[in-house]
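Engineer: Next come the chains, spelled out residue by residue.
2 protein chains.
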Amino acid sequence: MQQKNLEVCLSPALLHLYDIKDSIVVVIDIFRATSSMCYGIANGAEAIIPVASVEACHSYRDTDYLLAAERNGEVVEGFDFGNSPFSYTAEKVSGRTIVLTTTNGTHAINESREAQKVLIGSFLNLSALSTWLKNQPNDVLLLCAGWKNKVNLEDSLFAGALAYQLQNEGYKFDDSAILAADLYHTAQYDLDGFLKKTSHSERLKELKIEADIAFCLQVDLIDAIPVLDGDRLVKLA
Amino acid sequence: MQQKNLEVCLSPALLHLYDIKDSIVVVIDIFRATSSMCYGIANGAEAIIPVASVEACHSYRDTDYLLAAERNGEVVEGFDFGNSPFSYTAEKVSGRTIVLTTTNGTHAINESREAQKVLIGSFLNLSALSTWLKNQPNDVLLLCAGWKNKVNLEDSLFAGALAYQLQNEGYKFDDSAILAADLYHTAQYDLDGFLKKTSHSERLKELKIEADIAFCLQVDLIDAIPVLDGDRLVKLA
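Line by line, the protein sequences are chains Z and B.
Residue numbers for the first sequence follow our numbering, so the first one is 9 and each next one is one higher.
Residue numbers for the second sequence follow our numbering, so the first one is 9 and each next one is one higher.
One should not assume that every hint holds.
Copies of one chain are not kept apart here, so a pair can be met inside one copy or by any two copies together.
Stated by the list, open to error - Taking lysine-lysine and the DSS-like style, the derived pairs with C-alpha atoms no more than 30 Å apart in a straight line are:
#1 LYS12 / LYS216
#2 LYS213 / LYS180
#3 LYS12 / LYS205
#4 LYS216 / LYS180
#5 LYS204 / LYS156
#6 LYS142 / LYS125
Hint data in this document are derived by calculation from the structure and do not stem from the laboratory.
Construct the complete structure from the given sequences, taking the supplied hints into account.
Structural biologist: This is the structure:
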């Protein structure tokens with residue numbers, strides 16, 4: 009098997025250092041954007057359109073799309089919902105198209121558009137992702153959305169979980185991938201306890217969304233993998 | 009005790025995200041710039057002047073300074089030496105001023121100049137640094153020089169070692185500090201074995217400088233801490 013590269017980019021502000029044209033990029037924003045995207049697509053949402061700004065989201069107001077906007081962990085006033093996974097149940101999103109803007113996740117997706125393929129990752133679809141990736145010939149870049157370009161623990165941890173699953177699959181890891189996989193190795197039996205240490209966990213606690221956190225840490229709840237097709241995320245066939 | 013912040017910046021390309029005006033910044037470039045700086049200052053070098061470019065270094069050619077230039081792991085042609093710690097023995101540097109430019113380390117120092125204080129860290133002066141820091145009232149930022157702005161394992165690991173020593177000293181850790189400290193926790197009993205996994209280790213191996221690596225991983229060989237004073241690094245009083 010030809011050796012493939014597995015790299016981890018710990019912040020969108022470092023993405024310019026990587027050549028992603030021929031790579032599959034997996035975008036990671038565990039609390040909560042990419043978890044909710046995975047859950048929504050698994051629950052039959054027709055598509056999710058990630059947009060950069062609240063204004064861009066608002067411009068879809070005369071369509072029958074659901075509009076979702078989150079900034080600093082809260083639903084933006086005047087919008088249907090934000091990025092809580094509980095807003096992405098089958099009841100709410102099946103057959104619908106959702107336009108979504110978030111603090112970090114949609115930014116990271118937009119920065120990745122020149123990649124060969126852009127996938128969306130979360131603990132919810134971890135094994136589905138790793139199974140699919142290991143059968144592809146491409147290099148892989150795991151892109152952590154972070155928090156306003158700073159490195160965060162939950163996204164690094166998930167990058168590590170995915171790297172860990174790809175450890176004996178012919179990939180050459182870069183230093184960030186080794187670092188992330190080691191982090192996951194330490195934390196794997198108590199993800200929730202480990203993440204209680206994080207800054208974002210405190211922030212989410214203040215927002216009273218601990219249930220969202222617990223939800224986003226469920227491993228392999230679904231099989232669906234969102235993929236970017238033009239300007240919209242759809243279910244990978 | 010008032011709570012202080014301990015943050016880790018894993019790449020110079022992320023430094024703009026941090027407000028360092030009132031912070032002590034510790035610059036880290038384990039293989040090999042900051043290890044050699046610490047060793048040189050411990051061995052009686054009067055000062056080390058870090059400069060950004062080979063040209064800037066060359067402009068000191070009519071002085072009695074020692075000129076040191078490294079690019080991509082090798083001594084630049086026409087210079088006295090590069091950044092091997094074995095070039096920074098007492099015999100070679102005692103009483104001398106050295107002008108030094110390196111691929112990553114001197115760049116990180118230059119980017120940190122607006123900090124309240126800039127210190128130089130390495131495994132060689134780990135405990136001296138942590139002992140000194142814990143008695144200061146300031147926030148601390150550990151700046152990893154990385155490799156051409158990419159995150160690397162050895163600098164992250166040392167940041168983790170220093171964070172680990174400061175764990176019960178009243179600091180609030182950011183996510184990167186938690187991540188780095190966890191990494192060190194895993195690797196502490198076999199730094200060399202752990203770092204054999206790194207990309208840079210392979211690169212250094214090709215350059216036949218394994219002895220340099222082993223040297224740079226010695227913990228607490230010296231007590232000296234280089235500090236930036238104007239445009240030169242001198243021994244912290």
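Engineer: Given a CA cutoff of 30 Å, do LYS213 and LYS180 count as a within-copy pair, a between-copy pair, both, or neither?
Structural biologist: Between copies, since 17 Å is at most 30 Å while 38 Å is not.
Engineer: With identical chains treated as interchangeable, where does the CA-CA distance between LYS216 and LYS180 reach 30 Å or less: within a copy, between copies, both, or neither?
Structural biologist: between (41 Å within a copy, 22 Å between copies)
Engineer: Given a CA cutoff of 30 Å, do LYS204 and LYS156 count as a within-copy pair, a between-copy pair, both, or neither?
Structural biologist: The answer is within: 20 Å in one copy meets 30 Å, while 33 Å across copies does not.
Engineer: Tell me, please, which holds for LYS142 and LYS125 at an alpha-carbon limit of 30 Å: within, between, both or neither?
Structural biologist: Answer is within; shortest intra-copy Cα gap is 15 Å, inter-copy 47 Å.
Engineer: Can you give me the call for LYS12 and LYS216, within, between, both or neither, at a CA distance of at most 30 Å?
Structural biologist: Answer is between: at 26 Å across copies they meet the 30 Å cutoff, but 42 Å inside does not.
Engineer: Could you figure out if LYS12 and LYS205 sit no more than 30 Å apart (CA to CA) within one copy, between two copies, both or neither?
Structural biologist: Between copies only: 16 Å across, 34 Å inside.
When each numbered hint is compared with the structure, no violation occurs for any of them.
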